[in-house]
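A.B. asks: Protein chains in written order, with this note's numbering: chain A, 807 to 886; chain B, 51 to 634.
Calculated from the structure, these hints are not laboratory results.
As the structure is a computational prediction, the values presented were derived from the model and not from experiment.
Possibly wrong hints are sitting among the right ones.
To be verified - Restraint-style ranges between C-beta atoms, simulated for each label pair:
| id | chain 1 | residue 1 | chain 2 | residue 2 | range |
| --- | --- | --- | --- | --- | --- |
| 1 | A | Glu842 | B | Pro72 | 24 to 32 Å |
| 2 | B | Lys139 | A | Arg862 | 23 to 31 Å |
| 3 | A | Arg862 | B | Asn273 | 49 to 57 Å |
| 4 | B | Asn168 | A | Lys882 | 56 to 64 Å |
| 5 | B | Leu163 | A | Thr830 | 29 to 37 Å |
| 6 | B | Ile247 | A | Asn838 | 21 to 29 Å |
Where is the CB? At the ideal position from N, CA and C, for every residue including glycine.
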Amino acid sequence: MEKTEILASMNKIWRDELDNEAITITESSTANDIEEWDSLSNIQLVVATEKLFKIRFNSAEIAQFKNVGEMIDCIKAKIG
Amino acid sequence: MNQDLSFTQLKKNLKKDFSSLPVLKIALLGDTPTQLLNQAIRGYGYLLGWNIEIWEADFDQIDRQILDPESELYKQSFDFILLFPSAQKLLTKFYKTKKEKKAVFVQSHTAYLQLLINTLFDGAHCKILFMNYAPYDDGVFGSFAAKTRLSFTSNLRAINVALDNLSAEKKDLFIIDVNALQSKAGSKASVSSTVYINNGFVFHLDFLPRIALEICQVIGAVNGKFHKCLIFDLDNTIWGGIVGDDGWQNLQIGDLGIGKAFTQMQLWARQLSMRGIILCICSKNNEDNAKQVFELHPDMILQLSDIAVFVANWETKVQNIHHIQSVLNIGFDSMVFIDDNPFERNMVRAALPQICVPEMPAEPEEYLPFLESLHLFETASISEEDENRTRLYQEEAKRSTLQTAFANEDEFLQSLEMKVEISSFTKYNIPRVAQLTQRSNQFNLRTIRYTEIDIEKISINENYISMAFSLEDIYGDYGLISTVILKKEKENLFIDTWIMSCRVLKRGMEQFVTEQIVAQAKKAGIEKIIGEYLPTQKNGIVKNLLSEMQFVYKENCWQLTVSEFTGIKNYIRLKEKNPQAENG
Chain A
807 MEKTEILASM
817 NKIWRDELDN
827 EAITITESST
837 ANDIEEWDSL
847 SNIQLVVATE
857 KLFKIRFNSA
867 EIAQFKNVGE
877 MIDCIKAKIG
Chain B
51 MNQDLSFTQL
61 KKNLKKDFSS
71 LPVLKIALLG
81 DTPTQLLNQA
91 IRGYGYLLGW
101 NIEIWEADFD
111 QIDRQILDPE
121 SELYKQSFDF
131 ILLFPSAQKL
141 LTKFYKTKKE
151 KKAVFVQSHT
161 AYLQLLINTL
171 FDGAHCKILF
181 MNYAPYDDGV
191 FGSFAAKTRL
201 SFTSNLRAIN
211 VALDNLSAEK
221 KDLFIIDVNA
231 LQSKAGSKAS
241 VSSTVYINNG
251 FVFHLDFLPR
261 IALEICQVIG
271 AVNGKFHKCL
281 IFDLDNTIWG
291 GIVGDDGWQN
301 LQIGDLGIGK
311 AFTQMQLWAR
321 QLSMRGIILC
331 ICSKNNEDNA
341 KQVFELHPDM
351 ILQLSDIAVF
361 VANWETKVQN
371 IHHIQSVLNI
381 GFDSMVFIDD
391 NPFERNMVRA
401 ALPQICVPEM
411 PAEPEEYLPF
421 LESLHLFETA
431 SISEEDENRT
441 RLYQEEAKRS
451 TLQTAFANED
461 EFLQSLEMKV
471 EISSFTKYNI
481 PRVAQLTQRS
491 NQFNLRTIRY
501 TEIDIEKISI
511 NENYISMAFS
521 LEDIYGDYGL
531 ISTVILKKEK
541 ENLFIDTWIM
551 SCRVLKRGME
561 QFVTEQIVAQ
571 AKKAGIEKII
581 GEYLPTQKNG
591 IVKNLLSEMQ
601 FVYKENCWQL
611 TVSEFTGIKN
621 YIRLKEKNPQ
631 AENG
């Protein structure tokens with residue numbers, strides 16, 4: 807799967823989980839850029855992302871993501 | 051109410067307008083982070099019609115808030131105080147305990163919990179909801195844990211028992227049985243190690259809604275909102291098979307095969323009845339057929355004397371539940387309706403949204419485990435009167451008669467967006483058509499039995515018109531549910547066979563089929579359609595079908611004149627034909 811496809815799927819998750827259709831994420835997006843994205847909703851985002859791509863992030867991976875792009879790289883590595 | 055919402059859905063409820071809802075104040079104290087549980091509880095509260103305001107103590111402050119009389123907790127007033135201690139923190143405490151003190155850990159920890167509870171009751175005059183400890187097996191002693199007080203596993207179990215005992219003593223202390231909930235869900239589904247390690251939350255996001263629901267149900271029970279009445283469908287719900295078609299002797303109940311699942315369901319219902327839950331029956335059946343099973347089948351657990359109101363007829367279930375409601379004179383929101391058929395469930399939900407209608411699993415063997423897991427009958431107290439209630443209601447039922455009228459039926463049927471596909475007999479549907487002619491006893495106008503070979507012959511005989519009807523609606527696909535065989539006889543078209551599955555009764559299907567028969571007559575240039583009803587023991591349901599479908603009795607037979615036919619109201623549309631079905 808291409809990065810752009812992964813990003814598009816993630817954007818849907820972000821909109822649904824954060825309940826805001828106006829959200830558009832890019833590879834450089836971080837929690838600072840989006841009001842609804844905090845440490846609590848981040849748990850929702852991670853769980854929903856894991857479900858969609860049928861993968862599991864480990865604790866260290868989750869703790870180290872600096873932005874959406876790093877998550878995408880990690881997803882891409884896991885789904886091949 | 052929906053028992054199966056995701057955390058995301060619950061959280062979306064938090065944006066809704068709570069302003070008109072009554073406020074319920076809860077203090078939430080935990081020794082692990084509680085924010086997610088807070089959100090889930092408020093989300094369910096909205097669905098139950100409450101604006102639940104939760105005050106969360108700062109992290110890990112159970113002791114300080116409760117034991118310090120100057121704490122913020124005592125500066126406010128609450129309806130409930132919810133205590134959420136975790137097995138993980140208990141484990142840490144146990145591991146720090148010196149070996150010689152471990153032997154009395156249960157006593158010392160129970161004394162501590164008792165101190166918390168008593169102090170709260172003295173200082174805060176409210177009800178306490180206490181989440182007991184989730185199962186936690188640290189594996190240090192394995193199964194040997196049972197033999198030693200030095201094992202955490204056995205200590206946790208004993209502390210939960212001590213909590214049960216405390217709640218039995220104290221009227222206003224209610225246990226939220228997290229232990230039971232997690233046992234049912236399994237630890238893999240209830241705990242996420244990554245979320246616990248990274249964020250400290252002990253429960254999985256997917257399990258929190260179940261706990262929140264439990265908390266809301268207990269709060270509801272304490273506030274007088276609970277289920278008092280359980281309404282069962284019969285066929286394929288409390289026994290396997292359809293009594294009208296199969297006969298009571300051939301129903302599946304008892305020790306053999308799938309029968310066991312239904313027997314266990316009945317045993318469970320019996321226990322509920324003994325506890326004071328009112329059992330009712332609401333079934334599409336002839337009353338005599340249905341009651342016969344209770345009277346004659348040796349494996350029936352439930353007896354007619356267990357049933358407060360018994361309604362078996364061919365009216366809609368919504369209408370019949372209205373009847374049950376008027377007899378019992380209890381709110382719809384105190385009723386649970388259990389039916390294997392998604393159409394019936396959705397119709398009842400649409401018309402009576404207050405009724406609890408569990409979305410049943412597909413397989414009968416899953417019915418009971420699923421129902422057990424819902425804790426449908428939470429209560430805050432039980433009394434001896436409960437047990438006599440069934441008899442009182444039975445007497446009331448005798449006095450009352452069936453009411454009619456369901457104003458919304460048209461609207462409901464329209465909303466189903468029913469579509470029917472019509473096919474002639476093909477190699478794909480011939481086995482099912484033959485089976486219908488052999489097995490349908492109720493909606494069967496002439497009860498002529500055909501083999502597959504007979505049906506095949508009919509399908510290629512030019513004197514016959516064959517139609518097989520498959521129905522679908524927004525809730526799903528019902529498959530082939532009706533079949534008609536028409537025979538061309540000189541000037542007339544004779545209805546040789548008209549069969550329909552009883553599960554699609556009262557949806558306008560008969561009317562739709564009539565229109566299609568007329569259409570076929572027109573196509574063949576025939577002006578007169580002749581129908582015949584051959585009565586049997588079981589097909590009383592179609593006794594008046596022909597007259598209801600505008601047939602007129604003259605010259606010793608039922609006739610419909612094509613040019614005079616003006617259509618009959620129904621909300622079913624013809625679906626585009628699948629070209630493949632025409633082959634063969």
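A.B. asks: Hint by hint, which ones does the structure fall short of?
C.D. replies: Per hint list: 3, 5 violated.
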